[in-house]
Structures are given as C-alpha cells and as structure tokens.
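S.K.: Sequence:
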Amino acid sequence: MTRVSVIIPTYNRAATLPRAIDSALEQTIDDLEVVVVDDGSTDDTDSVLAAYDDPRVRPVVHATNRGANVARNTGLEHARGEYVAFLDSDDEWHPEKLERQFAALEGRSDDWVGVYCDSTYDLSGTGGRLRSVAASVLARSDDEPTREGNEELVGEILADNVQPGAGSTLLVRTDVASAAGGFDEDLDRFQDPEFCLRVLEHGKLAYVDEALVRREETGYPSADVIANASEQYLSTYEDEVERFEDEGYEIRSSHALVLAKRYVAEGRFLRGAWYLRTAAVSPRTYPGICWVAGSGVRRRPLPIAATLVALLVAVTLGRRTLSR
Numbered sequence: 084m085t086r087v088s089v090i091i092p093t094y095n096r097a098a099t100l101p102r103a104i105d106s107a108l109e110q111t112i113d114d115l116e117v118v119v120v121d122d123g124s125t126d127d128t129d130s131v132l133a134a135y136d137d138p139r140v141r142p143v144v145h146a147t148n149r150g151a152n153v154a155r156n157t158g159l160e161h162a163r164g165e166y167v168a169f170l171d172s173d174d175e176w177h178p179e180k181l182e183r184q185f186a187a188l189e190g191r192s193d194d195w196v197g198v199y200c201d202s203t204y205d206l207s208g209t210g211g212r213l214r215s216v217a218a219s220v221l222a223r224s225d226d227e228p229t230r231e232g233n234e235e236l237v238g239e240i241l242a243d244n245v246q247p248g249a250g251s252t253l254l255v256r257t258d259v260a261s262a263a264g265g266f267d268e269d270l271d272r273f274q275d276p277e278f279c280l281r282v283l284e285h286g287k288l289a290y291v292d293e294a295l296v297r298r299e300e301t302g303y304p305s306a307d308v309i310a311n312a313s314e315q316y317l318s319t320y321e322d323e324v325e326r327f328e329d330e331g332y333e334i335r336s337s338h339a340l341v342l343a344k345r346y347v348a349e350g351r352f353l354r355g356a357w358y359l360r361t362a363a364v365s366p367r368t369y370p371g372i373c374w375v376a377g378s379g380v381r382r383r384p385l386p387i388a389a390t391l392v393a394l395l396v397a398v399t400l401g402r403r404t405l406s407r
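Its first residue numbered 84, the sequence shown is counted upward by one per residue in my numbering.
If you are wondering where the hints come from, they were derived from the structure by calculation, not from laboratory data. No residue lacks a Cβ here, since even glycine has one placed at the ideal position from N, Cα and C. Among the hints, a few may not be true.
The following label-pair restraints were derived from C-beta to C-beta distances [claimed, not checked]:
id, residue 1, residue 2, range
1, GLU234, ALA186, 49 to 59 Å
2, GLU227, PRO101, 16 to 26 Å
3, ASP136, TYR303, 17 to 27 Å
4, ASP126, GLY190, 36 to 46 Å
5, GLY190, ASP307, 41 to 51 Å
6, ASP201, GLU165, 35 to 45 Å
7, ARG191, MET84, 12 to 22 Å
8, GLU314, GLU234, 17 to 27 Å
9, SER305, MET84, 40 to 50 Å
10, ASP258, GLU179, 41 to 51 Å
11, SER318, ASN233, 17 to 27 Å
12, ASP114, GLU325, 18 to 28 Å
13, GLU235, GLU160, 25 to 35 Å
14, ALA262, ALA186, 19 to 29 Å
Using the sequences plus the hints, can you model the full thing?
M.R.: Below you can see the structure in the form of structure tokens.
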C-alpha cells in the first residue's frame, strides 16, 4: 500500500497548480501519490496535468464544477494511501513537511490518528510584513492554547485558538478520514475545522510546531456570506459551544471578532462596530483590527479620526463585555 495520498482539488488555477504539485513530488518521502481532482476547470489545467510524466500524478476530472469540498471527497474516494494529506492548489509545502509529520507520530499509540502543522501566509509588501511581525510580538501576551490531543482540542478549535487547516496542513489516516465522512459538502466556510472536529471523534491529533505550509492570500467572500456560514457552523455544534463556553472558552466572541474585521474591511463600519462590541479582543488582535480599518477607509472614505474613535469605543465595550 502507498504510504500517503496527496489530494489536490483545483478549479481554474493553472497558474499556481504546478507549484502545489511540485511541492508534493519534492517531498523527502518518496512513497506517495498525488491525486489531482480537476473540478471542471475551463482554463489550461488539463494541459498542466498532461505535462507531468510521472506515474505518481493521478488526475481525476469532474465534468462540471461541483465545489472544493466535493473535489476533496472525490480525491478521498480515489486515494490508495494509508494516510491522506490535502493540499490546496494555490498553497505549497516545505520539502520535509510529510517527513516531519510522520516523525511526530512515531512511537505514539494507534489512537493518534493524524498530525497537523503550522502555516505561513504570503503577506506581500512592507505593510503585510509589519502586520505579521506586530501580531507575532503581541501574541506573546496571550495564553498558549492546547495544540494536541482529542477532547482537549475541541474547545480550542471552536474558539479559533488553533487552526488545524485540514485543507493543506493535516495528515490523517485514510480510514479515519473516510469514517469521519469526509468534508461537509454543504459548507462554503469553516469546512476545515468542522472536518477536524469529526476526525477528533475517532482519535487524537498531534502537532508539529513549524510552518511547513506556505499559503497564498486569495481574498475573502463577503462578510454576509461569512456571517451566514458562522451561524450554520456554530449551530451545528451548539451543545459543544455551550459546554466549552461554560469552561471559559471565548467561542461566539471569537467568531464575532472575525465578522467585525470583515465588515470593517468592507467599509461597513457600523455593522463592524456592532460585532466588535462582543468580540474577543486581545493585544494579538490589535494589528489585524488596525489593518482592516485602513482597508475600510480606502473603500469608503470617512474622516480617519472619526473611524478610529468608533473602533476604539467598540473595542472598549467588547473588553468590558468579556470581563463580566
């Protein structure tokens, strides 16, 4: 049996797909296959795949575009490996990504069914680099979340304290991924953490404290779309949300922060401030809030001073709410 099946769903990403495929083929582990699921692309994806004269690359083609989650599940159905690792077609792996993940599982019991790692975003430009550095420095004031285990991870994932990133960072046993039911094909957002929560019903996840995946920032859906998806996601796990919030996890308030930032980035300041009232605000979040405020001002010009005052008031109200 092949050791790892790398599953790459793709749709009209002929420009970035070779980078993803090459990063999989260049892994220091040789015993792998790369299942590329072309989800009905209309660009040059077929030509890109035809150029690979490597038996490890196995294209699977959808006649029509059916969505990324369906494509991931198609790849899972075709996987021959003992383990599967998903990789988005605009991301790329460090050459030792899989090797280091297997090393993290070595010597552990069979109930450790998978392992994830960190990732880094390609934040281009000086502003992006400054934002990344500032967030890293300020994050030191936050409590370190639990990153390994089973039940211990559920609250952390729901509160967005850890992001297993099933789309590109997770390595998991194929039988477990199948038993968990694959990715939820009805979700447009939060499909990665939702899948990981179901994986945790079958065993434990380990963690490699290294950024072994480079992600490309490809934009966001509208804030309204994210708001609807967040409501759907949290309602699915309503009992768990209640239980872990009783234990002190800031789950709804963490999702409120995400929504606040997206609305502010769109220039919808009042809507953003409304969500920010109950958001989980910490020093680590300040750079991101300031960053999206600048984006919002550029989209819908307002007096900068007035915008900052509104945000500061909202942040203060949010912190008071959390301290009660």
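S.K.: For this structure, which hints from the list above don't hold up?
M.R.: Of the numbered hints, 1, 2, 3, 6, 10, 12 do not hold.
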